[in-house]
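Colleague: For reference, the chains in residue letters:
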Amino acid sequence: SQQGEEDPQALSIQEGENATMNCSYKTSINNLQWYRQNSGRGLVHLILIRSNEREKHSGRLRVTLDTSKKSSSLLITASRAADTASYFCATENQGGKLIFGQGTELSVKP
Amino acid sequence: GAVVSQHPSWVICKSGTSVKIECRSLDFQATTMFWYRQFPKQSLMLMATSNEGSKATYEQGVEKDKFLINHASLTLSTLTVTSAHPEDSSFYICSARRTDSYNEQFFGPGTRLTVL
Chain A
1 SQQGEEDPQA LSIQEGENAT MNCSYKTSIN NLQWYRQNSG RGLVHLILIR SNEREKHSGR
61 LRVTLDTSKK SSSLLITASR AADTASYFCA TENQGGKLIF GQGTELSVKP
Chain B
1 GAVVSQHPSW VICKSGTSVK IECRSLDFQA TTMFWYRQFP KQSLMLMATS NEGSKATYEQ
61 GVEKDKFLIN HASLTLSTLT VTSAHPEDSS FYICSARRTD SYNEQFFGPG TRLTVL
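Protein chains in written order, with our numbering: chain A, 1 to 110; chain B, 1 to 116.
This is chain B alone, in the form it adopts within the complex:
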């Protein structure tokens, strides 16, 4: 149990387009999901905390109008990178915290975004 999926696993898009990444908890409910970004050879940086039914909380320096987060259900959060540019190319990883287990976060396999 406790599987988190992401879709797509990789995406290539043209500069200026928007890309939506889905994060799903497959066999548990997640009130809270987190979105991270990882550049090559670097660590994961928390971008935002996504709470079901409310607005996401963004970390300092992350543009909320550029990275739109929607957490419409207990099993799905989406991250939309709007007007993507080459500098947005990165590995985006989500995690989901089980509603019934405060400390457990389960990570998705990541989405590789390449903006041309």
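The following block holds chain A by itself, in its conformation from the complex:
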């Protein structure tokens, strides 16, 4: 399987704390994307980082990419209860296919 791995599988934090999720992958990529999924719902695209970029910000989100280690991290700062969801990384290869990681289930307690 070419699926990436994410850790932790589950993360539980208090509102206001930061949440960090990590993603590792195996093959060369065009870009890496992070998605959010609320239970039983579709995917929401959060952020895309290209293979030649190292860091990207969007609001409370900060994504890093280390292509030498084939890894990425997603940081959510000042978390809110509404951030509770599953978060997936997905790598896009040369053929344009998205390969999803296993996901991290984030629970933010008020």
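Since no wrong hints were added, every one of them can be taken at face value.
In silico DSS-like pairs for lysine-lysine, Cα to Cα no more than 25 angstroms straight-line:
1) B/K20 <-> B/K55
2) A/K97 <-> B/K41
3) B/K41 <-> B/K66
4) B/K64 <-> B/K20
5) B/K14 <-> B/K64
6) A/K70 <-> A/K56
7) B/K41 <-> B/K14
8) A/K97 <-> A/K69
9) A/K97 <-> B/K20
10) A/K26 <-> A/K69
11) A/K97 <-> A/K26
12) A/K70 <-> A/K97
13) A/K56 <-> A/K97
14) B/K41 <-> A/K109
15) A/K97 <-> B/K55
16) A/K97 <-> B/K66
17) B/K64 <-> A/K97
18) A/K26 <-> B/K41
19) A/K26 <-> A/K70
20) B/K66 <-> B/K55
21) B/K66 <-> B/K14
Hints in this document: simulated from the structure, not taken from any laboratory.
Given the structure of chain A, go ahead and fit chain B onto it with the hints provided.
Modeller: Chain B in isolation, oriented as in the chain A frame:
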């Protein structure tokens, strides 16, 4: 813009019947659409790549005769689960890639299939 819809949002059917799921790009054209399957508490697994006007490309282990894909127009792809069985119960999600934006894929809201 860039909205993708799926119909139906959920379906319950008897074992042995066939179910068709539609994926539409509402405000853009999509030469390529993708179909994913997601089992509970698991990640999305790519099933097939659907290209307008040509045959779909299936991922290893996905039966093309069981999961029929038709991409007859630039805004519509359909997935038909033939002779569905309980093990086919899953969340099916499509995505559409904009013709004018190579890297952007937009996801539909998913279809929950339950086979009794």
